[in-house]
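Letter by letter, the chains look like this.
Protein chains: 2
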Amino acid sequence: MTTIAEKQVDNGVNVAALLGAREALGKAPEAARFNWRATCKWMRGTHSRTSVKDFFGLGQEQTHRREFTFDIDHPEVFASEDNGATPVELVLTGLAGCLTAGVAAVAQQRSIQLHSVTATIEGGMDIRGILGADSDVRNGFDGVKVKFDIDADATREQIEALVAQSQNRSAVFDIITNPTNVTVSVA
Amino acid sequence: MTTIAEKQVDNGVNVAALLGAREALGKAPEAARFNWRATCKWMRGTHSRTSVKDFFGLGQEQTHRREFTFDIDHPEVFASEDNGATPVELVLTGLAGCLTAGVAAVAQQRSIQLHSVTATIEGGMDIRGILGADSDVRNGFDGVKVKFDIDADATREQIEALVAQSQNRSAVFDIITNPTNVTVSVA
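If you're matching them up, the sequences are chains A and B in order.
Heads up, the first sequence is in the numbering used here, so the first residue is 1 and it goes up one at a time.
Heads up, the second sequence is in the numbering used here, so the first residue is 1 and it goes up one at a time.
Given that identical chains are not distinguished, each listed pair holds provided it fits within a single copy or across any two copies.
Here are the simulated lysine-lysine pairs, DSSO-like style, with alpha carbons at most 27 angstroms apart:
(1) LYS41 with LYS53
(2) LYS145 with LYS41
(3) LYS145 with LYS53
(4) LYS41 with LYS147
Don't read these hints as lab results, they were simulated from the structure.
Please model the entire structure based on the sequences and the hints provided.
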């Protein structure tokens, strides 16, 4: 039955490999240690350019197929030049991509064929925080809303369960909803 | 003296406009409400493409000078096609860009000329969390380290104070270090 289901449903996710990795890494915790990296160079004003290329995992240095670069800036309404998306929009992009990849992986595992998935995401912020105008206002989002629009060969209940399981296993959902220690130092 | 300092130091940040905004928005909290947005479309497998274009702020709809698009994927070691940076690398990119913009803005306000700023950032993760191999392992980072290398006309103490103040006002630093409510729904 599994074989038939795998032939019928193709979301482009290699679930067999992921299940194999889960089993293998469960027995080899050292290989499960990853370090993700980025290097950011200040350009001018609030504009910076970050490159992502190497990471560590499975016990050794790894390299992406190519280097990914990102321009980040503040918008013109902040008296900046808008040379890139804002830092907080990058965080929303990461959350959307994480949850969407999870939906595809869980759908594959559950033999649910996806036809389309769109996530619209919104983060509210009172910018009196970052401007230092009111110390009672936090700097970050006061809340984030994600709405999924999914066309799949599944019931609404199955689709809701997909999205729920994606949250359960999402790295970025965890990063945003729970605290993480960040150490900043000067070389 | 302020005028002389402003002539001598140019980091490309319009501090006068930011100070004006701080004063104006302190008196007009409604204008300080921003909504940042992203729209993510699933491509195939773990690959998605997100666009960032519009946001809300200063009491009205705003538009970036152009649309910014981001491809996100998982790497080949996750049995994926590596069509883009990973979601968690996007979060690191957001943090690096946020802190770097803050360093430039604070330096300008303190009349410190920057020559170069590089931030190297690393997030550790035990991927047994996202694989569901061990429910005691969290999905997100177990910690994030940022190291700044800054060349500026300033003492080491002044540079350390710049970086510290940038953290104090950073949206993404707050988002990662503190919990935020995320609501996920199905349309």
